[in-house]
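Protein chains in written order, with this note's numbering: chain V, 44 to 367; chain L, 44 to 367; chain B, 44 to 367; chain G, 44 to 367.
Don't read these hints as lab results, they were simulated from the structure.
Please note that a few of the clues may not be correct.
Same chains, same names: a pair is fine if it fits in one copy or spans any two.
[To be verified] Taking lysine-lysine and the BS3-like style, the derived pairs with C-alpha atoms no more than 30 Å apart in a straight line are:
1) Lys128 to Lys281
2) Lys281 to Lys310
3) Lys344 to Lys360
4) Lys310 to Lys53
5) Lys246 to Lys89
6) Lys76 to Lys365
7) Lys128 to Lys202
8) Lys134 to Lys53
9) Lys51 to Lys202
10) Lys89 to Lys188
11) Lys202 to Lys242
12) Lys310 to Lys51
13) Lys242 to Lys281
14) Lys246 to Lys164
15) Lys348 to Lys246
16) Lys131 to Lys202
17) Lys136 to Lys360
18) Lys281 to Lys136
19) Lys242 to Lys131
20) Lys360 to Lys160
21) Lys310 to Lys89
22) Lys131 to Lys51
23) Lys51 to Lys128
Residues per chain are reported as follows:
Number of protein chains: 4
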Amino acid sequence: MCTAITYKTKNFYFGRTLDLEYSYSEEVVIMPKNFPFSLRHTTTDKRRYAIIGTAFVPDTLPLYYDAANEAGLSMAGLNFPENAKYNKVIKSKINIAQFELIPFILGNCSDTDEAVKLISKINITDTSYSSELPLADLHWIIADKNKCVTLECVEDGVKIYDNAAGVLTNNPPFDIQTFNLNNYINLSPEQPENTFSSKLELKNYTKGLGAVGLPGDLSSQSRFVRAVFTKLNSVSGKSEEQSVNQFFHILGSVSQTRGCNRLDGNKYEITVYTSCCNASDGIYYYTTYGNHRINSVDLRKVNLKSDGLYRYPHIDKESINKQN
Amino acid sequence: MCTAITYKTKNFYFGRTLDLEYSYSEEVVIMPKNFPFSLRHTTTDKRRYAIIGTAFVPDTLPLYYDAANEAGLSMAGLNFPENAKYNKVIKSKINIAQFELIPFILGNCSDTDEAVKLISKINITDTSYSSELPLADLHWIIADKNKCVTLECVEDGVKIYDNAAGVLTNNPPFDIQTFNLNNYINLSPEQPENTFSSKLELKNYTKGLGAVGLPGDLSSQSRFVRAVFTKLNSVSGKSEEQSVNQFFHILGSVSQTRGCNRLDGNKYEITVYTSCCNASDGIYYYTTYGNHRINSVDLRKVNLKSDGLYRYPHIDKESINKQN
Amino acid sequence: MCTAITYKTKNFYFGRTLDLEYSYSEEVVIMPKNFPFSLRHTTTDKRRYAIIGTAFVPDTLPLYYDAANEAGLSMAGLNFPENAKYNKVIKSKINIAQFELIPFILGNCSDTDEAVKLISKINITDTSYSSELPLADLHWIIADKNKCVTLECVEDGVKIYDNAAGVLTNNPPFDIQTFNLNNYINLSPEQPENTFSSKLELKNYTKGLGAVGLPGDLSSQSRFVRAVFTKLNSVSGKSEEQSVNQFFHILGSVSQTRGCNRLDGNKYEITVYTSCCNASDGIYYYTTYGNHRINSVDLRKVNLKSDGLYRYPHIDKESINKQN
Amino acid sequence: MCTAITYKTKNFYFGRTLDLEYSYSEEVVIMPKNFPFSLRHTTTDKRRYAIIGTAFVPDTLPLYYDAANEAGLSMAGLNFPENAKYNKVIKSKINIAQFELIPFILGNCSDTDEAVKLISKINITDTSYSSELPLADLHWIIADKNKCVTLECVEDGVKIYDNAAGVLTNNPPFDIQTFNLNNYINLSPEQPENTFSSKLELKNYTKGLGAVGLPGDLSSQSRFVRAVFTKLNSVSGKSEEQSVNQFFHILGSVSQTRGCNRLDGNKYEITVYTSCCNASDGIYYYTTYGNHRINSVDLRKVNLKSDGLYRYPHIDKESINKQN
């Protein structure tokens, strides 16, 4: 499934893994603010912000998986199977199809608070993009450098949760995910003291014993705990290179290796790509399963007032540097 | 600490992570067979095989961390604190200092069986390289494309264990590591059936539930279990690129992120480098903590009969490919 | 804290542990239907059913911890700290103080469905019994031989959950407890096959490996999982002796030993008592921390139309049978 | 399988669970010192001490499962499948059949040190008691009030381990069991501080969170960890009643409920009996699966110089105390 995190050093970083058993043709897509993204049910004013992120472009419109805008607001949609419940179109409301949500929010909001306010005014609908692309069950992480929230449309209605850890995976709903962290209160990145019993000599026969109990499997709840632990205990320098480097290390801790997560029909869920967007500066970095090297696309190198998309297909082939 | 694995597709691959809180100046070093590596306690015949691997070269001699030879035999030394016990020099025997073991074995043996035979004839000594480089507590993994063993010098003497999983980490001794795998007999990469109770409806609310219980921390026993599970369930193509790519994904599952393993004095153990040697063809690939891109050095591109070292310092700076 | 379970063989059994760091003077109390239990806020008709259970009787009224009535309906209140939210008295409603809930429901309902219906008509209030006995944060398990539910008064209102496992402990709220069971879908009471990897020989070196991963600590979520696993996989004969015997074994799996759960001020939470009520026949069995022998009180041996309580203080002293 | 523990308050206590899927007719058997227990391969002097314990008496000789002698030395044999390796009879040695070991050691030694010394002089043989009673794979715990050891006859020879925790279960060999405790160094009976991350608010939503990670299944390694944790953190008064009461609570934490450990052919391993011997005073207490009440037999109430056995069949029927 997937994992998204935020990270803040001097700049603000936002990214995710996309874990799937197949891959559409992912591309980094820059959508300038004048690109004609016509909404299905609603006529809106022009968008205020250009967007950069990974998208699938089935024909002319980009379907974003994760993106950031010029103002530094970021958003990603993650799988939320069976829990996501969208609404039918309601005539009196501003209806936004689920697949339009990322460009709609990022096109119009400068920060998380604005996004939350805008969400309270809209009706998120179950409109499919097309018959070939059925409705996806998703929930979202929305973040700027100061604030991170989780957006879930469930049976009970629209929920917006404060996301203090700055991490999102998949099921269960976010309140349960957050609660579950309490069960790991006793773990630590430090070398532990013996608290098991003072009557017994126990020893730190290896480094790392303080975190024994941290789950190592690929289920969404285990990835959530592991990503939160790894991110919150992470230590890095503040430079661009140090921050980006560390970001990919953090997401590496929840990356899925082919074969370890087997689905029916000999399919394997893998981490198709991993992204890290410097949302402050609009530089989008990514790696793919097939390519360990980091690639980047810079939002500010294109004409952000253009009306066409800028598309950079993901490079999925190892780029090995031969030293001799 | 560290993790080493073997991997076999069309060719045979061997590599490891080096997990430390500091870094010497690691280099890929090719040692041609005529390079004068004079042994401390023993006069030997010329070596039969050139070697490629990562080493630290304090002055003129390479101290190898992991290496492979022309014949496809591979070997790595991993931290084994407090358990490693070497011998004093015994005049009547062939004395090999611990730090000479990798070049001595790889210089003279064509496969694992030959290595095991040679080890039975030598006395592994506690000789330090120098006063600045004290004795390291190590154990070793030795492997060719057909067979893998673990070598441990402990209180009880020299132990050579069959290493069926082709994985080595650190403490505890290898027989305990291997035994411990039995406790995970019930884990699976597949979507599990409900065996908890037929009286209750449970569901696969996420992919990956079959492996819940797999440890996710960085202790040496947890890394051993996780690396064995990831490697043995791994699925990849057989081409060079597919094999190398998958190899780095497997070791990525036990990679250490800065901050998650804190030592005294605000030091952090990290995965300094990760290597993958195509031992069949003598191509040595590596990444470093600071550089996600794979670099490679090819044994066969140099004069293997030379008497000088070929040295390629590890490149530890992100090499980002800018797509625009 | 506490654990309650239901159990059905030929008859229907219901009971619980009471885990506390102190003990009031618990007694088995039979409350005949004509006993004058005047409600604080409401004038009601006479009760239809006599009740048997463990209660604390601070002056004249019994405060029941768990009980069953003549009709076989059973109910227990378990600690639910910080999550329980009761209402203020609302004049237009039937107000039932939290401490009156067990006698009110069991006095008037013959089965779970009637109880659920009655609960929908009342307002459960935060009225304290007295200044010495402040409001307790509780949730309830209500069960007859056919149906079991969990009742929780939380921030969001009154929730009634189907309790398919027939088990209740404490925090978190019941929907989270139930969800969490999915994480154990892969556990089994059987000897497991090796699903870890077909490339490795693993063996059942001990019986019981199929349930490795079952939590063994005394937290409320771990006790819930362990009690559900133990109860649902339980096998016993159907006779009264066999059923009661097995019931105490099941609750024994979540019993708290003095010293393993330390609170501030050198206090220790222990399983003060364990009960098992044959709700079909009105026979109440219990053991205490201090007394492993089972004691019993029979509802039908007293005059159920009386207007006085029948009180049987818990016997908390080991009753050892000397065989010589 | 089984669990044995020692416990010391004012007196010294020793006992065990016997976990099996069947039951022979267990009895408490007192063997006075003059009872003619003729050894198979060896002629010895008279025994110095009378013995009390649970045994199976197939014809005239008691086969002890666990016992203590007049001097306060205690010993129990526990299942050790596939690891136990006994010797053939060697003419030059004092040959003691495995099934004679408990009466031989307890009949002749006054403390653990004497027992260890005597064991070093004997040859423990693989002699079967009879064709109906084949050789059992066992290892032993031997303890007096000052010292506890584990005795294992394995491939490598006879091993005697210091048993600092005073606990024995079954496989794996004792050095691995002991090593494994290090993995739980971070657990605690106390309410934990948040060491997961200072950047996140986590809370003790339940008592007992400090021991999350303690295994709860019935495998021998999990029972070992749980029994050690429970015993070493145990708190009780020092009186006879308080000590015996607490002892049964400790072993209750590793008791096996019917149905949770399923073997082939619809058999279930259960805790057939649980014993607690006050080895200081020679009072043997026990409960059975079928009887929660504690029964006792007093060594000093019989003639310890007699030449006949005193036999007290286990009482396996609930002895319920009716309070009305």
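Hints, one by one, checked against the model:
no., hint, result
1, Lys128 to Lys281, "neither (40 Å within a copy, 43 Å between copies)"
2, Lys281 to Lys310, "between (40 Å within a copy, 17 Å between copies)"
3, Lys344 to Lys360, "both (24 Å within a copy, 24 Å between copies)"
4, Lys310 to Lys53, "between (41 Å within a copy, 22 Å between copies)"
5, Lys246 to Lys89, "neither (64 Å within a copy, 45 Å between copies)"
6, Lys76 to Lys365, "between (41 Å within a copy, 23 Å between copies)"
7, Lys128 to Lys202, "both (11 Å within a copy, 21 Å between copies)"
8, Lys134 to Lys53, "neither (45 Å within a copy, 58 Å between copies)"
9, Lys51 to Lys202, "within (25 Å within a copy, 40 Å between copies)"
10, Lys89 to Lys188, "within (25 Å within a copy, 62 Å between copies)"
11, Lys202 to Lys242, "between (49 Å within a copy, 23 Å between copies)"
12, Lys310 to Lys51, "between (36 Å within a copy, 21 Å between copies)"
13, Lys242 to Lys281, "between (45 Å within a copy, 18 Å between copies)"
14, Lys246 to Lys164, "neither (58 Å within a copy, 34 Å between copies)"
15, Lys348 to Lys246, "neither (63 Å within a copy, 49 Å between copies)"
16, Lys131 to Lys202, "both (17 Å within a copy, 27 Å between copies)"
17, Lys136 to Lys360, "neither (46 Å within a copy, 52 Å between copies)"
18, Lys281 to Lys136, "neither (44 Å within a copy, 55 Å between copies)"
19, Lys242 to Lys131, "neither (64 Å within a copy, 37 Å between copies)"
20, Lys360 to Lys160, "neither (42 Å within a copy, 42 Å between copies)"
21, Lys310 to Lys89, "neither (42 Å within a copy, 51 Å between copies)"
22, Lys131 to Lys51, "neither (38 Å within a copy, 45 Å between copies)"
23, Lys51 to Lys128, "neither (32 Å within a copy, 38 Å between copies)"
In terms of the numbered hints stated before, the structure departs from hints 1, 5, 8, 14, 15, 17, 18, 19, 20, 21, 22, 23, listed from lowest to highest.
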